[in-house]
Each structure stands twice: as C-alpha cells, then as structure tokens.
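From first to last, the protein sequence lines are chains D and E. Under this note's numbering, the letters of the first sequence match residues 1 to 341, in that order. Under this note's numbering, the letters of the second sequence match residues 342 to 958, in that order.
Take the hints with a grain of salt, since some may be wrong.
[To be verified] If we take Cβ atoms under 8 Å as the criterion, some of the chain D residues that face chain E in the derived model are: (1) Lys49; (2) Val51; (3) Thr68.
If you're looking for bench data, these hints aren't it; they were derived computationally from the structure. Backbone N, C-alpha and C fix where the C-beta goes; we use that ideal spot for every residue, glycine too.
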Amino acid sequence: MSIETPLPVLKPTDFASDQDVRWCPGCGDYSILAQMKKVLPTLGVPREKTVFISGIGCSSRFPYYMNTYGVHSIHGRAPAVATGLKCVRPDLQVWVITGDGDGLSIGGNHLMHAIRRNLDINIVLFNNRIYGLTKGQYSPTSPLGQKTKSTPMGAIDNPLHPLSIAIGCEATFVARSIDTNINHLGETLKRAAEHPGASFVEVYQNCNVFNDGAWDYAKDRDTKLDTTLELQHGKPLLFGKLREKGIRLNGMNPEVVELGKGITEDDLLFHDERSPEPSLAYLLSRMRYEDGFPEPIGVFRCVDAPRYDALINGQIEEATQKRGQGDLEALFNSGDTWTVE
Amino acid sequence: MDTLAPHKPIAPLDDATVRFCGDSGDGMQLAGTQFTNTSALAGNDVATFPDFPAEIRAPRGTKAGVSGFQVHFSSNDIYTPGDTVDALVAMNPAALVTNLEDLRDGGVLIINKDSFDKKGLEQAGYKSNPLEDGSLSHYSMHPVEMTKLNRLAVEGFGLTQKEADLCRNFFAMGLVFWLYDRSLEPTLRFIAQKFGKRPEVAEANTASLRAGYHYGETVEAINTQYHVAAAKLPPGKYRNIMGNTALAYGLLAAAKLSGKRLFLGAYPITPASDILHELANHKNFDVLTFQAEDEIAAITSAIGASFAGEMAVTASSGPGIALKAEGMGLAVMTELPLLIISVQRGGPSTGLPTKTEQADLMQALYGRNGECPLPVIAASGPADCFHAAQEAWRIAARFMTPVILLTDGYIANGSEPWRIPQLSELRPTEITHPAPTDNGDAFLPYLRNERLARPWAVPGTPGLMHRIGGLEKQDVTGNVSYDPLNHQHMVDTRARKVALVADDIPMQTVDGPASGDLLVVSWGGTYGACATAVHKVQHHGGSVAHCHLRYLNPLPKNLGEILGNYKQILVPELNLGQLRMLLRATYLVDAIGHNKVQGKPFSVGELVEKIEHLLST
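Isolated chain D (complex conformation) (with noise of 0.2 Å):
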C-alpha cells in the first residue's frame, strides 16, 4: 500500500491564532482580517512562511490574530522590519499591516522608502482617518476642519492621500478597497499577495467608536455607485448605477461625462494598469468624492520592476561568482603583512 501525504488543504479557520480577537464590536477591521484569512489559503504559500509584520494601532493588533509568523513592532517602522527580514529571507510571504497615522505619520520615512525600494512586500494600509487607540485625535487623512479631541476647532492641516503617496514614490502595485465591499477585498488582497514588488493597498475602513461613517459615501447601498468607480484593466472608467456615466480627460484634468448626447463609451478614459507611465494612475488617486469624482477602487497600477530583495542577494551571488566564496584566511592576511619569529 502506498502512502501518499497530500499537501494539506488549508481553511481560513487555519490561520487563526488562538487569541481572542480585541478589537471594538463594529470595527471595519474584522472584515479585513476576515478577508485575509481566506485569501491565504488560496495563494499556495503554507502558513510557515508566511509573516505579518506591523506598527502600533488598532491595525496593527492583526498579527496576533493570524497563526502565522508575525511581529508586532513599533510606531511606524513595520516596514523597516519587513526589510530587513525580506532581504535575508527572500522566501518569506511578509506583509506589513499599517494605519493612516502609523504608516503615513509617524512612520512615513520608512513606508516611502520600502515602497521605492520595490522590496517583494505586501503593505495594507487601513485608512479610518483617525487615530483610534490614543482615543480619537486627527490623523494625516482627516479632512480639513475635522473637529477631534486634538482639534476642537476644526483640522487645520491638508491631509495626505495614501496612493498619491504611494504613486509619488513609483509603487509598482497600488490598489484600493473597502471593508464591507468584501468580494473587491479579498480579490484586491490577493491580486496584491501575487504581484511580485511592494504592492500597497489603502481600505477604507472604518472606525464605528471615533469616526463613525467616515467612508459612509463610498459604502452605503444607495450611493456607493454613484461616489465610487470599479477600475479594470482595459475598460472604459465607467460608474453610476445604470453606469451611466463615465470620466472624460479634458486636457490634463479629468471630467466626469454622463453618456449619451454625443458621448459614447470610446469618449472615456480606459483604464490602464500597466502603463509604465504613472501619471494617469496618479489622476486616478487625485479624484475625489468631496470634488465631485466618484473615487476609483480597485488596482490603479501594476507594473515589474527590479525588486529590492533580489538585487540584493543578486549582488551577493554575482561577488561570490566573481571573488569566490569568502575566505576569512585569505581576508585576514590581505595587504602588507610580516611576520615575527
């Protein structure tokens, strides 16, 4: 009889970790770690090798609820630690769960930096546009005169867009989703987990305790066609509940178009993905709800480029092809040397 032992067939339920999830009841972040759980068992990679690696938020609570490697590090430099793992263990499946303050505030250096160093990572970012384990001051991404406890009078600073962010730095993957929109969430996580480079993704999540209804346009049944606008590689920007209406570049500035009277679908911009130029997917981040722009959702720009973590180990490999192996012996006695009887 022979024994044959299958690759075990992982269910979402095997990537949670025995901890009690601690997050407040409502909290857009269970959809995600929801989402996230029944991604992993789909890309193939076992859960050994897989690593979760984040800041300090209510976000960054998510690897003590995943049964897989995980690191809960400091403020902001999760994406330092990614680095440094991914650069000696290239192997690794590493993700990076980081928040709008943690990610665009306090740790803003290193998420710029591991995003233009293309290392193999996979960032999420949960946008809630507050900070929500401090209890509820302003973040980066809260809109202008925001009233919080740390601004009674109204945000006075111009708040940062996560993917014009991303883009700015030539991110190679960048995509957008949204907690309750779960089908979109776990597709763009996974599309995300196979693009080889740093994928950045931004969900807009919310936080039901101190920003209650923040993303309340772009999710609300009766609005959510008309406020946001499903990207797909090659189509047409189309969006509106008949999807009737469509986004039109003017010049250099986008326009929103209703079909009809003259306007056909060919009149629309058609979305491109891959275009190795990234201005027209940095129009895309640039529209928004409050400007009268349905906010586009989905993957902005997904191109290959050189990554980080390769080149590195290829720098290793190409001077031990050329020098050989490392030989301490013949390091320590390099240079000038004599020798006393």
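Please arrange chain E on chain D, whose structure you already have, making use of the hints.
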C-alpha cells in the same frame, strides 16, 4: 629595496613619534598611513592618531582646515600614539601654529617654507614670520622649499601646476622616510596599485617621493638619520589594522563561524561609517549591507533580520544611537539577538563628530524607557575590536539579547599591529534553533533555558508559528499580558537574564599587584594610555595596579572584591565620571575621577602625574 647607501650617521632610537600636519587637502592622512604601514612592515610596534576636521574642506590655509596624523613607532610594546612629537612636518603656517605645542624641545621641525607667505602667515594669525624671528630656535628646524622642489621633481610628466602640487605630500613623506631610515618599497607598491590607471600621476608621485628622500640624503643642514629597530612582538604574522576594519573583520568571522548570514542595517555617521564601507566590500561573505533611510530603520531592519534567524548588526555613533533607543527597547522585549555598535564621539547632540570621547556609557547602559537592561561591552584598542565583536555576538546569541558594543573615534580610526589569528584560534558561537514540529501544540516562544534565554524559532519552520512584539508578554506563552504580577516577573526575569551573563564571562584581572595603594580602573579606548601610565609608575616603584574593564554590564563578579584590595581607586575617563558613578553606586567605593572632555585622548604624562599625585597623598 632602495639600495642607496647612507652618507650620514644613523642614530639608534627606542621609539619615535612623528606627526604630519597640513591643510585638509594636503594628503596628510595618506602620508601618515603610508609611514605607519612602512614602520609596521619594518617590525616596529605602531600606534596612530589621525585627527581631522569635521568640515570636508574648510577654507584653504585656515586653522579650521588643519588635518593631522600622528604615528608612534617603537622597538618596544607600545599602547598609545605618544604624548609629545619628536618630528613635526608642517605643510603651512596654520598647521604649525596649531601643532607646535606638541613638539618636544629640540624636536625635528620640517616646514614647507614656500607656504609661509604673507597670506599664509595672516591666516594662521602670525604677526611675524616664525621662520625668521627666532621663535623656533629651540627646535631642530628645517625650512624646505617644498612646493618649488616638488614642482621641479615632477616637471616633464605633463601635470598641471595644481596636479603637481598634489604630489607634495609624497615629497614630504620621502624626506621623513629618509630621516627615519625607512624603505620606500611599500609606498612605491601603493603608488603603483593606487594610480596604476594614470601612469603619469604614478610616475610623478614616485618622482616626488624619491626627490624628498634624496633631498634628505643630500642637503647638509640635516645631518643625522634615525633608526628604530624592530620590536619584540609575540611571534606570529602581523598586519597593521584600524579599529573599524578590525571590527568589521570580527563581525565577518562571527557570522561565518556561527553559520549565519550577516545583515548590517546602518545609516552613515562619523566615525562609524567605515564599518558599513568595509562590510559592503565583502558581499562574497554572504553579507547584506542595508543603507537605511534613517537610524531607526537601520536598527529595526536589523531586528527584522534577527527575527528571520540571521546575525543582525547596526552600527552608529551617539546621535544615531539616541534614535535607536526605541528599537533597542523592542529587541529587549522580543529577546532577539542583535549587536548595536556605538562608536562614540564628542557630544552632546552633533557635538564633535570627528573627535573622540567616552561620554555615552550611561546612554548605553540606561538610555531607554522602562527597565531595559542589556549587556554592554567595550573594545580597548584597534586590534581588540576584532575580538570584542565576536564576544558581543557570542553573548547576544547565547542569551537571546541585544548587546551594545562600545568603541570610540580614537580606536575606530587609530591603528596598530594585529597578530593575524589562525581560524582554529577563534571560538565559534554554536547556535541552535528549535526543530519543526507537527504535534499541533502551540509553540512556546518564551519558554526559557538555564540561561533564561528563550528559543530562537525561525520563520519558515513548520509548527513554530508565533507572534512577538513590544507589548508585555506572558512568560512561556509569549501572549500579550497586562497582568501586574506577570509584568513584575518579566521585568525581574529580563534583568536576571542579563545578570546571568556574569557567569559566562571571564573573571576580572588586574595588571600589577593584587593589593596596594592605588588601583586605576579604566574602560574602552583609554586602555593604552592607562596601561602605559601605570607601567611607568610601577617601574618607578609605585604601588599601583591597573584594572581595565571590558564588560560594563554586567560587571565581572569579582570586581567588588578587587576594588576592596586597594586604598584608593582612580577612574580616568573621557567624560565627567560615568563609570565612576556606576562603581560608586554598585560597590559603595570612594572612587576618584580624572576626567577630560576635550575631544582628545589622554596623554600618558597627565595620567602619570595624577597617579603620582594620589600616591603621594
């Protein structure tokens, strides 16, 4: 070998100290390095002290731009670059005015006369020309028309005047090489190697070097040559090595012998950058050097590499170490092995980037939030950096803890002969990682061994999935815990673990009598000056011993007993008394300080004076 027969008498010397000084652009560091290597190859013991400004190019000819390199070479065992200078080469008036006070009376003074023009004298603040006003009469002064003679020497090689003047340091070198009866061969080899791609430059430098040498041979004003015979160093093969290079070699050896990849996360900072540069050149040793976006990323990337199971290092200096404090806290909490190398410089803040100091001991011991102990060790000299790096890694890996290794600008840039070790002499650090399991039980990342070290489970290993982080952990399980008694237990445990390192390090020894009137206690880069001063006083019959500490945390177990055996304790430090405070607090001894914060190392003379003063009271 240069076969030119000497025409002048050669006077034997036990040792000599030469200082080359000039403008930052005058190539004095190169001259000093070449003279050092040549002296080392001649079998001398050598010790060097490069001293250069923080500015890359201060205005030419100004005092701010003066760069110097001092070499002490000897036929005896030496530990310092020398207090006073026997021969001073001054390439311009600013160099003369800023260095003259260190030249001994009657010392040789070689001066580039051509630079003593009106402008040069003004920039140096001279009211009259010291070459003419008799103020240098108590030195053996040799004004040389160096610029002019050098230009003549390189005529015909097609160099511009500016390029020709760049060779001037080789002329000066040639003259000093003749003065101290040194071979030109090593420098000729260096020239061929360094300028091989520009033959006209190589030929010009060669011509300058020889011209300087022949000038010494020919000119009648210099009538004596000196010779320092080979030193009686322990048998073996030697090379000259700088502290930062030795440290990098120590890291390479530690990684290789423990079967690890070496990951260095670093951000450029003086005087630590050369560790990054050196390691970046040895990628074929499976070394990953990551020039991070900042000091914080440098240490946290290293923590990532450590979590991944490899040998992780970060290297910096005071201001950078300040930024790494938070990362060190995480490494203490996650109990991961990590080396933090702190090459101390003058502080606080940006301080004196190119000058030495040892004022970061308290930063190393305590500069973090919470009860955050970690082992701290300090290298005592350039060659010792090699051993200290390996010892730091041994402790880090055996105890699953970050370790701070302290050096300083003086030993990082200083050099001395290094007896090249056989690989068999090096002590490998054996590291074990827990094996994969499939029993379905939760892995226990904080289950401790007899040293209280937790297991180093490496990602990729089936069955050992676990999460660590900066929040307080429940012992054994590693789960997040806010339980008050657990926190007390964990704080106590982390402290106990570091204290246990004391069982794993050698007992403290003293150099000198086991009891007596005075014990000099030192640590780090002041070893050479303290050892030399104590030897001198011992030689004159003083009841003094020297106790040099490598381990600052934990302190050696017998240190308290040693301190009790002497009537007085003297702690010389290049700070305001940091080790002294620690010794007083730990052992309740009335230790006396000798403290200096001038960006300069101790001179032997000032320590001898202090010791003799204490012995006479």
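Quiz prompt | Broken hints, by number | solution = none
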